Amino acid sequence: MQDMDKITQMVGSEDASPEEEQQYQQAYEYALQSLHTGEVSKNTVGRVANAKSVASGVAEAVFVILRRTEVHMEALDDAVKIQLGEDLVTEVLALMVDSERIPEGEINDKLIEDIVTQLYTMYAKDADERGELDPSKVQEDVDAGMQMQKPDGMSAMSNQEVSERGLMNV
Amino acid sequence: MSGIAKSVKKVFKSVGKGIKKVASSVAKVARKVAKSKVFKVALMGAAIYFGGAGLMSLSSGGTFMAGVSSAGTSLASAGSSLLSGNFAAVGSNLSAGIQGTTVAAQTAGAGLTAGAGTFAANPLSVNLAQGTVSGLGPAAQSTVSMAANPLSVNLAQGSVSGLMSQAPAAAATAASSVAPAAAGMSVGKGLMYSAGINAGAQAAGGYFNARAQEEQADSERERRGFNISDKRGGDYRFDVQSAFRPQTPRTVNDFTGG
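Protein sequences, first through last, are from chains A and B.
The opening residue of the first sequence carries number 726 in the working numbering; numbering runs sequentially from there.
The opening residue of the second sequence carries number 2 in the working numbering; numbering runs sequentially from there.
All clues given are correct.
Some chain B residues judged to face chain A by a derived CB distance under 8 Å, without partners named: (1) 8; (2) 29; (3) 39; (4) 44; (5) 53.
In silico DSS-like cross-links for lysine-lysine, where the CA-CA straight-line distance does not exceed 27 Å: (6) A:835 to A:850; (7) B:29 to A:767; (8) B:7 to A:850; (9) A:767 to A:835.
Keep in mind the hints are simulated off the structure, nothing from the lab.
The model shown is predicted, which means the values in this text are computed figures rather than measured ones.
Here a beta-carbon is modelled for each residue, glycine too, at the ideal position from N, C-alpha and C.
Extracted from the complex, chain A is given alone in its bound form (with noise of 0.2 Å):
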């Protein structure tokens, strides 16, 4: 689909480095046996299951496995952060719906959406409760969405302009 690619290409793309593929994979392995060793993963299924919403309750899993190894690994590139905070939606997904909490069905766009939302709001939270947050580097990150342009022939398009121009001619 040639907006998709677009939107990839906009986004863009670039090879981690050989230390961050290294630092990568100490922090996954360790968050993943983290996650996965009796009390915690009971821990998990419980904070999830008692929270008001899925979304939050995954998050909130989340983002305590991924501080926990971020205080192991004594730092955490932002890169490898994000990926592992990636996998890790996965494995506590994938460990609801196996211990049958949610229905693979409910798992969409939407959720996952939710969920990096409020990750992203309790990790601001805590970074700024321990001193930490940045904003000169939040400054960057907001820039740096000022310059991201429309690209061409990416036209926000509501349901009915979809429907009156067809489906074969978006």
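Model the placement of chain B on the given structure of chain A, informed by the hints.
Same frame as chain A, but now just chain B:
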């Protein structure tokens, strides 16, 4: 919590190769999460949306998290706009979320005179969360409850409305235009953040739009039988030859179509 814009680009070759998966559903779930690519796009959107809100709060004398919390209140509507495909509304919803944050240190400029005194020396502070406005002149009127008259602040247009009924007469002037203080957040800065949020929203909106179109087109192709093979392993679903092969009529019903 930094460098997200750069970090989301990184591609790891060793994703998922660390240790043997314990959860049996992980492969299916991983396919869903990885295929959608929504994680990184949503993260970028969150960084712009909440980051922008936090920065705005910081620049106006508040805390980063106060801005993030305030911005969160309108996220539900922004999210539902994304999912309903009404992408044009996303930008305005997100912008509204940012504008709904506490706005302080907006000093009233020239033209805000009120009978006996001026407001120029008396900074205007607007707290939408509490529905209060302070600093409009005489002490007795320095705090106005906005419960009966909702306040509306439009950073993009640099205007404030809803001060008419309880504010001093001169507030009518204030309602038309508020000049931002040099030390506080400028209207320009507000505009810049708003533009960034819109850009992020457009990017996210474009993504969801593309996804929705892709899925709709796919289902349409399947419905019309254009997909040669199905997902269960290569069975032909549409036999062109038999579909167009002339049928030899054998019964009366064949002739009449009955």
